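S.K.: Sequence:
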Amino acid sequence: MHTGITRRVALLTVAGGMMLSAGSWAATPLQVVQQYMAGWNAHDANQAAMAMDPEVEYYDVTVGESQYGVVVARDNVIRFFMNSFPDLKWQMLDKPVVTKNEVVFRWRFTGTNTGPNIDSSINEGKATGKPINFEGLSLVRIKNNKIVYQGDFYDALSLNKQLGNIK
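Quick note on the numbering used here: the sequence shown kicks off at 119 and runs consecutively.
Please keep in mind that the hints were generated in silico from the structure rather than gathered at the bench. Computed from a predicted model, the values in this text were never measured in an experiment. Any given hint might turn out to be false.
[As the list claims (entries may be wrong)] 20 angstroms max Cα-Cα, derived PhoX-like pairs, lysine-lysine:
#	residue 1	residue 2
1	K244	K285
2	K285	K248
3	K244	K279
4	K218	K264
5	K207	K248
6	K218	K261
7	K279	K248
Working from the sequences, and respecting the hints, build out all of it.
M.R.: Written out as structure tokens, the structure is:
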């Protein structure tokens with residue numbers, strides 16, 4: 119009797135895994151972005167980077183120039199912000215605009231600068247200890263269920279003022 123139950127549980131587990139695999143394979147652009155943001159909010163740069171194509175282009179106004187490739191994007195943008203704001207929270211605002219291969223959305227980013235300052239030339243790059251709360255807009259392009267382009271647009275001047283980097 120236990121063998122029958124064990125067999126059914128095993129079959130359900132395998133079937134469930136296939137459904138998850140199929141669901142991941144056929145993810146909508148919004149699901150890809152939600153998975154990506156979940157990695158950010160879990161403070162796991164590798165998890166976030168898994169949503170990106172190996173040849174991703176990532177533009178963030180604070181970095182100032184596009185970052186090419188998943189490792190560079192992960193290290194120069196994602197990890198950079200996670201290290202600077204270990205308590206970060208990235209929240210989607212409003213309803214995103216979703217097309218066949220793009221997601222455009224407004225967001226809010228909050229956290230406290232207890233890691234390195236985003237401007238290494240100020241105070242030897244030491245943390246300011248100041249909280250931030252700013253909004254922006256992202257354009258994310260998806261191909262084959264991976265992010266191939268991300269552009270983050272926000273008021274970097276306001277962010278630096280909140281940190282005390284600019285008076």
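S.K.: Could you grab the alpha-carbon distance between K279 and K248 and see if it respects the 20 angstroms cut-off?
M.R.: 10 angstroms, holds
S.K.: Holds or violated: are the alpha carbons of K244 and K279 at most 20 angstroms from each other?
M.R.: Cα-Cα ~16 angstroms, so holds.
S.K.: Taking only the CA atoms, is the gap from K244 to K285 under or equal to 20 angstroms?
M.R.: OK: K244 and K285 at ~17 angstroms, within 20 angstroms.
S.K.: Within a Cα-Cα threshold of 20 angstroms, do K218 and K261 meet the stated pairing?
M.R.: The hint holds at about 10 angstroms.
S.K.: Against the 20 angstroms threshold, does the CA-CA distance of K207 and K248 hold or violate the hint?
M.R.: 15 angstroms, holds
S.K.: Check the hint pairing K218 with K264 against an upper bound of 20 angstroms on the C-alpha distance.
M.R.: With Cα atoms ~13 angstroms apart, K218 and K264 stay inside 20 angstroms; holds.
S.K.: Assess, step by step, whether the Cα of K285 is no farther than 20 angstroms from the Cα of K248, and give holds or violated.
M.R.: Holds, at roughly 14 angstroms.
In the structure shown, no violation is registered for any of the earlier numbered hints.
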